[in-house]
Amino acid sequence: MSYVDAAAVAINPRARRRRLLRKRFLRRPLAVAGLVVALTFILVAIFAPWIAPYSPDATDFNATLAPPFTPGHLLGTDELGRDVLSRIIWGSRASIEAGVLSTALAFLIAVPIGIVAGYYRGWIDPVIARATDVLLAFPFLILAVGLAAILGPSLMNATIALGLGAVPAVIRVARGEALALREEDYVRAAVANGAGDVAILGRHVLPNMSSTLIVQATLIIPAAIIGEAVLSFLGLGVQPPTPSWGVMLADAQSYVSQAPRLAIFPGLAIFFCSLSFNLLGDGLRDVLDPRTTR
Amino acid sequence: MSLLEVHDLSVRFDTDDGSVHAVDGLSFSLEDGEVLGVVGESGCGKSVSAMSLLQLLPETAHVTGGAQFDGLDLISAPKSKLRDIRGRRIAFVFQEPMTSLNPSFKIGNQLGEVLQRHLGLNRRQARTRAIELLDLVRIPAPKRRVEEYPHQLSGGMRQRVMIAIALACDPKILIADEPTTALDVTIQAGILDLMRDIRERLGTAIILITHNLGVVADIADRVIVMYAGRKVEEAPVHDLYASPQHPYTIGLLGAIPRPGAADEQGRLREIPGRVPSLAELPAACAFAPRCPRADDRTRSQKPELREVRPQHLVACFHPGVNGAVS
Chain H
719 MSYVDAAAVA INPRARRRRL LRKRFLRRPL AVAGLVVALT FILVAIFAPW IAPYSPDATD
779 FNATLAPPFT PGHLLGTDEL GRDVLSRIIW GSRASIEAGV LSTALAFLIA VPIGIVAGYY
839 RGWIDPVIAR ATDVLLAFPF LILAVGLAAI LGPSLMNATI ALGLGAVPAV IRVARGEALA
899 LREEDYVRAA VANGAGDVAI LGRHVLPNMS STLIVQATLI IPAAIIGEAV LSFLGLGVQP
959 PTPSWGVMLA DAQSYVSQAP RLAIFPGLAI FFCSLSFNLL GDGLRDVLDP RTTR
Chain W
1114 MSLLEVHDLS VRFDTDDGSV HAVDGLSFSL EDGEVLGVVG ESGCGKSVSA MSLLQLLPET
1174 AHVTGGAQFD GLDLISAPKS KLRDIRGRRI AFVFQEPMTS LNPSFKIGNQ LGEVLQRHLG
1234 LNRRQARTRA IELLDLVRIP APKRRVEEYP HQLSGGMRQR VMIAIALACD PKILIADEPT
1294 TALDVTIQAG ILDLMRDIRE RLGTAIILIT HNLGVVADIA DRVIVMYAGR KVEEAPVHDL
1354 YASPQHPYTI GLLGAIPRPG AADEQGRLRE IPGRVPSLAE LPAACAFAPR CPRADDRTRS
1414 QKPELREVRP QHLVACFHPG VNGAVS
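Protein chains in written order, with our numbering: chain H, 719 to 1012; chain W, 1114 to 1439.
Think of the hints as simulated: they come from the structure by calculation, not from any bench. Keep in mind the model is a prediction, meaning the values are calculated, not measured. Each residue gets a CB set at the ideal place from its N, CA and C atoms; glycine is no exception. Keep in mind that a hint or two might mislead.
With the Cβ distance kept under 7 angstroms, some of the chain W side facing chain H (calculated, not the full set) [said to hold, decoys possible]: (1) L1169; (2) G1200; (3) L1214.
When you get a sec, could you build the whole thing from the sequences and use the hints?
Shown next as structure tokens:
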């Protein structure tokens, strides 16, 4: 550390804490790799039209089922002569969209419910907590598949279904945090100073659970990404010909013996994308957890 | 008419093991600009009675009695009315300065929150006033401090900020619950100095809850001694120290560590025995099992408060300065 940095740190301890967190994060190579890969997928999804060499729907019947490294088709083509790389790039949009938006939806619904249950207690808390337990007994994907079947197949409905499916888990986390935070001295002090419920929940409870919620989000996003692929695979999500990794897997089924790569490439994309968010989440949890000292 | 008139205040908690009487028939009054010390050991009901005044106790607490403040009974007032009193007319300072500030917000915003809520100031006015308040509680470089987060402040500083927040709306009463307990001795002195200064400059009445008799001697005008949820003695501060009447008070004063106060074996003097469980209140003097003056009457009858001299109340069958049994 240079002298200039040392001086800056001495003046601003908040910068020191940030620096400490960054240092702790950078010391975890898996977390850093997760961050880099996850960011890459997000950027690819955003800039898909400029990155993809072909339109995802462009067919080339002179080059169907071309193997990888065919000139002009790095990952080869599928049964209709569509460029696999382009379809994977475009397919990341559905995955990221479903992953991020469904998580956002889950938090919008679940956090207020969890906070109300955990902060107010009373009769509402056991009702919400037990209802959450019942819903948590259903596996996330079963719940999402059921909801998607009810809502009808489309990317938006799949996103809604995944979001609703994640609600119970988020309620449980938010409720647990609110239960702990309501006993904090600064919450009691705010009550004693005449703060209303909105101020207490919005200014004292919610901001102090944000790091937990961020970690939870990075763990739900990959689950939703896999969920989107599953729903699309089952025909409950993105509809062909719109590219999605799940749709690509479904299409590849018929050609598994001739061209297993058609299933392998989207499978790898799903694998790396969800893994990267998982690693990022694990890393953030370790770094933000005050009990870790390393 | 006093500023605050507490009459026959009782607090009962219903627990799984039956009810616990934390406060039993407490009455006292507080005059304008007065500093009232409330002393007693842990669990004697000091904090509970203070918190019951602003209805800050959990739902399991059953509070009876009355507390007249400005024509309003605090005990029976609806919560919506109390919200205007809390922090504005009656302010609270808690024991734990380290954890009583929200770690996610700058000092200026936490002070400003109270100002904006109760006084309707806008952001900029609130900020200006926040700086004035930090200056009032003698925090150096207040302009810089408003931009800082709680973890950047020491314990003493944080307690000053808590006091600044409490004083933000110029309350009539400041209730300080063990404000100096978590701080080291030199910082304690600074905080007490500050509270004395506040009383003089702003005329705020202060209820100071503490188990530290030294603190009380330093700043209080009048003292209430509590034991097992009851008031056992009340007197102007000089009378209490000059001629304590209740054996419990005498024991407390004797237990203050100072040179020469040790007994023959060189141990600090202590009050034998332990604080009784508050599960059932005996129809007797609660202090009897530990009292050197206890007799059959003490063990079978509850002593009522009586005035042994003007303004000096004591609940004891055998009061007196010395160990003499009457």
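**Hints that the structure is at odds with (numbers, increasing)** = Violated hints: none; all satisfied.
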